[in-house]
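Protein chains in written order, with this note's numbering: chain A, 1 to 308; chain B, 309 to 908; chain C, 909 to 1522.
Any given hint could be a false lead.
Taking lysine-lysine pairs in the PhoX-like style, the calculated list, with each CA pair at most 25 Å apart, reads [said to hold, decoys possible]: (1) C:K1002 - B:K425; (2) B:K397 - B:K462; (3) A:K89 - B:K698.
Residues of chain B clear of chain A, computed beta-carbon distances all greater than 10 Å [stated by the list, open to error]: (4) L346; (5) I391; (6) Y467; (7) I469; (8) H512; (9) K585; (10) S625; (11) Q692; (12) I801; (13) S813; (14) E905.
Hints are computed from structural coordinates only; laboratory data are not their basis.
Virtual Cβ for every residue (Gly too), placed ideally from N, Cα, C.
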Amino acid sequence: MSVVAAPEEKPTVAASQPEVVIETRNLSKTYRDFWGRQKVQALKALDIEVRRGEIFGLLGPNGSGKSTTIKLVLGLLFPTSGHAFVFGKEAGDVSKNERIGYLPEESYLYKFLNAEETLDFYGRLFDMPAKVRRERTEALIQMVGLQRARRRQLKEYSKGMTRRIGLAQALINEPDLLILDEPTTGLDPIGSREMKDLILRLREEGKTILMCSHQLADVEDVCDRIAILHQGELKEMGRVDSLLKIQDITEVHAKGLSDDAKREIAAVIEKHGGSVVQIDNPTTTMEDLFLEIVRESEQRPGHRGSGN
Amino acid sequence: MRFSQDQFLTYSEWLFGDLDRWGGLWVGLIIAISLCFLGFAVSYLIALARSGPTEGFYAVAKVIRSFFSTDLPATSSRRIGAIAKLAFKEAIRRRVLVALAVFVVIIMFGGWFLDPKSPNPASLYISFVVTTTNYLVLLLALFLSTSSLPQEIKSRTIYTIVTKPVRPLEIFIGRVVGFGLVGTLILVVLGVMSYLFVVRGMRHEHEVAQIDGKGATGETTFDRSHKHTFRLGPDGVGVTNEVQSHRHSVRRIGNSDRYEVGPPQGYLGARIPVFGKLQFTDGDGQLANGGISVGYESNYHQWIEGASLMSAIYTFSQVTESAFPNGLQLEMNLGAFRTYKSDIITGVRGTIVLRNPDPQAEIESDRIPFIVQEYQVDRRVIPQTVRGRKKDQSMDLDIFRDIAPNGKLEVIIRCEDNGQYFGMAAGNVSLHAGDMPFWWNFTKGYISIWLQMIIVICFGVMFSTFLSGPVAIVATISFLVLGFFGGLASEIISKQREGGGPVESMIRIFTQSGAITELDLGSSILENAIKNVDEVIMRSMASLASALPNFNDLGTSDFLAYGVNLFGGLLGRHITMTVGYFLITCVISYFFLKTREMAA
Amino acid sequence: MKLTTFQRKIIYIVAIVVLLIPVFMLGQPGTGGNDDSSEIGGGGTLTQIRQHHDISQSSLGNIDPASESMKLATLGLRGFACTILWQKAEYYKKEQYWERLSATLNQIAVLQPHFIRVWEFQAHNLGYNVSVEFDDYRQRYEWIKKGMDYLIRGTKLNRRQPILQWNLGLFCGQKIGTADEKVQYREMFRNDVDYHNSLISEGLDVRTPDALGFDQKPDHWLVGRLWFNKSYDLVDAGAYCRKSPHIFFSDGPKCRLRYSEAIEDEGILDERAKYSWINAGNLWREFGNREVLTTWGHTVQLNGLEAARAVQAQASRDFEDWVADTRSRMESELRASLTSEEKELLAESDAGTLTDSEKIRRSYEIRQRLNPSVMAIAGGVPTARRSRAVELANRLTEAAEYLSHLEAYRQQVNYAYWETRAIAEQNDVTLRARKKVYDADQKLTRADVDGALEDYESAWADWYKVFARWPRMMTDDAGIDVLESIKRYKRVLDRDLPNDFVLKDFIEFKERYDKGGFDMQVDEFLQRWNERAEQLAGVESDFFSDQTAIIPGVWNPLDAQRKSPNVDTTVGSDQNEVPSSDGKPESGGDVSPRSSRPPRLEHPELPDFGSEVP
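Isolated chain A (complex conformation):
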């Protein structure tokens, strides 16, 4: 993949922590109806940080506020209170978009354009010269594997092809930050795998990625860190591996132990008042963790506290 320098844009407010790409402070959003009456509190005082080079996942059931968070970060919505900063700039600032690539949930693209036209159009929106646009278009079509469908109108595309062209348009400007809204929805297992590989590859290239999903497996597979939202509140945030570790269970895998040794170990455990199930440190599944958090939060609303 050829690399083209993204348009240079020095952040005006120099990020105090260069490592932090996205930062939300006390970010809240309340939807109101036509008469200004409060309808639903979609996001309550969210504080997260997304650091350079990581894949950050937003996880939560439908209506948990993860889409709202993304829209607030993109400036598609204005926060009711609190702030969202991207590259140290307010989310409402258009110039931050220079370094962002966004793949919307359903690839809201123009159905009457073909792949080339689509990429060319978005390239123009980044004020890219014609030559650069042509190169980027070519490279991206290769990358997402749409060579054969490049002249077909998007309305003829399958779901997977639409996702791929959506991703391509998000990458047109060589973004430093990629925001992916449900990147694998509607993709078959192979497509899903390819998408995940792509995401991982992009991280390799040093891009920061914020994605939201309710596909637990995806999050588990690709995310470095996740935040779990429920009913507009942050329930859990941390590294995926540590979150999935169950602390009070020890798993011991050993090879070549004799039965005596096993008995001895069992005796030691019994001596300590435990009982041997399997000597191991097992991990829970993402699904279990998720369901547990949701169940718990429904019983006891409030911040669950975060472990890093």
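Chain A is fixed; fit chains B and C onto it per the hints.
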């Protein structure tokens, strides 16, 4: 056709105005400034309600600052081009070209309503196609411009736009440019079709029906509800008389008895008129404010009485030999009013006198008699040398050297029949300073339609930045209605026209009472309340209408229809106004787009 | 209550169906049906109403595609579009954009082709209001034609609207023929071959003998009559017309009368004029024979005046005979009931010494009281004879009412005048009188003053005879014509008319007559003129051939006051021949309904309702 005083203004006169009249520039500035204040006040109030006085002020100030500091400088023509191209493609995809088919159907049937017996069929044909094109294009602009942005918001394709470094201004301008291009394309096609329709519609042929033995005079066949008579010269070539505003040439073919009638001439043209300043003298021969009224509803004409000292004085400037090498061609279109029938066969008589404006010079021509021809242009060539008097000495006078030595010429018109009247207006008498080709005038007329279209697109897109699709359409229609009929509100307020406001009218519909009668609801309190409410509504409508473009003033179809070269000053003024409205809608749209949550 | 989407959909569907039912019932198209227009051949209510009023386009056999497509194009906003167009038309009219006006009117008509008032109103606008705005009479003529063309278009889209054809008759006849510019208009119409051709192509054969004038060119009066006839045919075939029938049916025949008048003005004063008048008279009589529906519900026959009078007189006699006793009894009773003061007042009134207007009024009231109504008398008749009395009273009232209605109707169409006129104008003496006036006028233009005077003077003698025989001729246009020519004569004469001027009585009569009911003595004049005419009826040919019968009216009671020095004795004998017993024509005693007899001259303004009605 009837000209309003306003139309005679040159561009700079219009732009800067004078003591009696505000210039267009100042009016535009006033509109802009008041919009600024209004906009600031409204947005501050909204922000105040949302986040309190300081925070609110800060929010408003931030948006304004971002307009000047970041968004305006960062505007990129490439992005505008991309959005324009997209809008263009989208419009074509939405089958706007159906409009062309509609137009074809309309002009196919349209020919049936046009009276071929009309004394001036070209005028009817032209005003028909121009008006149809005008309405069609405005409607098209209306639907195109209002539905696009709401549609994108609904289908959320806007998400992929606003998450790119696209400035709100670019979204607006790109759309205006894109739809403007579609409109231009359609307008060009409609223009060509209209032109062909008119030119072909006027085309007809006659043959020679009868000719006297000597072959000197004859009559053509009766085609298209008219026929001509003609007179041939000794060389066998001649011209027919003028019927339905056109003539044909007639030619004998060789020495045979066969004749050939040429195509119609004079239907389509564009005279370049030079207008003068009009003054009146009253019954004592003194300069007066105007003529008198003979009781017509319309005040267009001022009337002078026959066989009295009343006269109309047209003062022309720049009357030089180089401008009028073949003598003065005077074009008159006077009204005539009889207080008694008198001689039925002969029309009302009048005289023309050319006079040197300098009273000391005492140079004026003899009276040139004429008989009034109403509702048609009476062309009369005054040769360069006329008989006249200089300080009571009768002599031959040269128009350019003696009467108008510095290019200023007074043309004095009097009515000679006792008890009869002539109606005069500034546009009624002009000097013919040459002709423009018809196609060029036609093009200019279509440019003025184009300008109207751009204004509608600007407003349509602007409304769609903060209203949903159907509401934006309604808003733009209201804007069009105000643009076409807004004058009505001010006419009713100033009592120039009978009638009341919306509430009163609504009541009258149900009580089935006419506007002439007093509103009678049995309670004067109620009646006054209604009248006051109406007054407020009508006044706000009138002031709104005065800020919005008046489409009646922008319409120039009469110039085409009556074959008058569309004044450059007028077109320039329209262009300026269009640019002005474009800028205003730009700014308004910017703030709406900037403050709008696209995902809400 | 919250509804699910499904419930809402069901409600919408039900609502749509419910709304569709009336639409279906109203709008169902016709199935064609049979040809008989009175029988309605199926279809929804709208179709039926359309068929009933004969405005359904399909039944006309030719759908106007322009109109239909415009209706479709306006998508139900037709009324709105029409309103805007109407406003525009008003604006164009105000600002005098005449061509635009006419184009806009065409558009309105295309959108609303069945609004008859629109066609009428706007045709009038074009033909009358716009036309006069032009200074050039040729242009004015063109606009009258535009008005007519507009109406013609209307007739094509509204085949069963006689009012449009009637209006065309009016435009073609009256508008052209009574305008100030009639001389020019008539001439232009005559020679407007192109327009004749276009009329023929519109289905009006203007080259039938009925439409051709004396010069074998179509005359607008006669063409107008063709239009009227078309509208009459429609009404006779059952179409409705909102005009009063007597006026409506009088206009066609009047065209022929007016035509005769017009060609005489143009100097056609020979057999052609005479035959034209004969023709016109016949048409007028035909019109008089027509049973005309009145607003009271019954029909009248305009030339049935004599018969109606006879019926009324007979009814009166029958009634009076039957109730003679009761009447005298009741009258004496009433008289007895008067107070002494009232009696005194009456006596004073009889003596003619009352001057106080209040007293005059009271005496009139008392007299009214003394004169019991027919019904009151019938009620006072003894029981045994009462039912017959009431029956007779009813019959008398009915007859009187019929007579008064008939007379009112005759008055409204000026029936008697035109009847007399047609008869009188057929007479050679009338023709000669006109010819001489015409010749004199012509001689004046050639400055032959002596010849003109000679012609005038011999014309007056002839006119005298005409007036004596047909006093009606003194009224209306005919009288005005003569008065006008007398004025010209006077100017040429350059001095006052001599005392023995043969038409002096006519002039005096005309002055009094024109004042109408305000001249107290006009009744006396009327009676005298009428008596004279009655008497001449038998000796018509002698009278007209007798050159010496030119006699100023000794019979005029006012003559004595004037002490005219020139009293010709032959006149005296003329008067002496009048049997005084015969001089009571008002009594209705002379009831022989001879249609050839010209009607009597009646009091202007106040039609003679028959003084016998108590």
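Would you say B:E905 is clear of chain A, with no C-beta pair closer than or equal to 10 Å? violated, 5 Å
Given the hint that A:K89 pairs with B:K698, test it: the Cα-Cα distance must not exceed 25 Å. violated, 86 Å
Verdict on B:H512 as a residue remote from chain A, using beta-carbon distances over 10 Å: holds, 47 Å
Non-interface claim for B:I469: all C-beta distances to chain A beyond 10 Å? violated, 7 Å
Per the stated criterion, does the least C-beta distance between B:K585 and chain A lie above 10 Å, as a non-interface residue requires? Nearest chain A Cβ is 55 Å from B:K585, so the label holds.
Is the claim that B:S625 lies outside the interface with chain A correct, judged by CB distances over 10 Å? holds, 54 Å
Hint consistency between B:K397 and B:K462 [alpha-carbon to alpha-carbon, up to 25 Å]: holds, 19 Å
Beyond 10 Å from every chain A Cβ: check whether that's true for B:Q692. The claim holds: B:Q692 sits with its nearest Cβ about 64 Å from chain A, beyond 10 Å.
Mind verifying the non-interface call on B:S813? Its CB should be farther than 10 Å from each CB in chain A. holds, 31 Å
Would the hint linking C:K1002 and B:K425 be met if the CA-CA limit is 25 Å? holds, 22 Å
So is B:I801 really clear of chain A, every C-beta pair being over 10 Å apart? Its Cβ never comes within 10 Å of chain A, the nearest being 34 Å, so this holds.
Any Cβ of chain A at or closer than 10 Å to B:Y467, or is the non-interface label fine? The claim is violated: B:Y467 sits with its nearest Cβ about 5 Å from chain A, within 10 Å.
Hints 3, 5, 6, 7, 14 from the list above are not met by this structure, while the remaining hints are.
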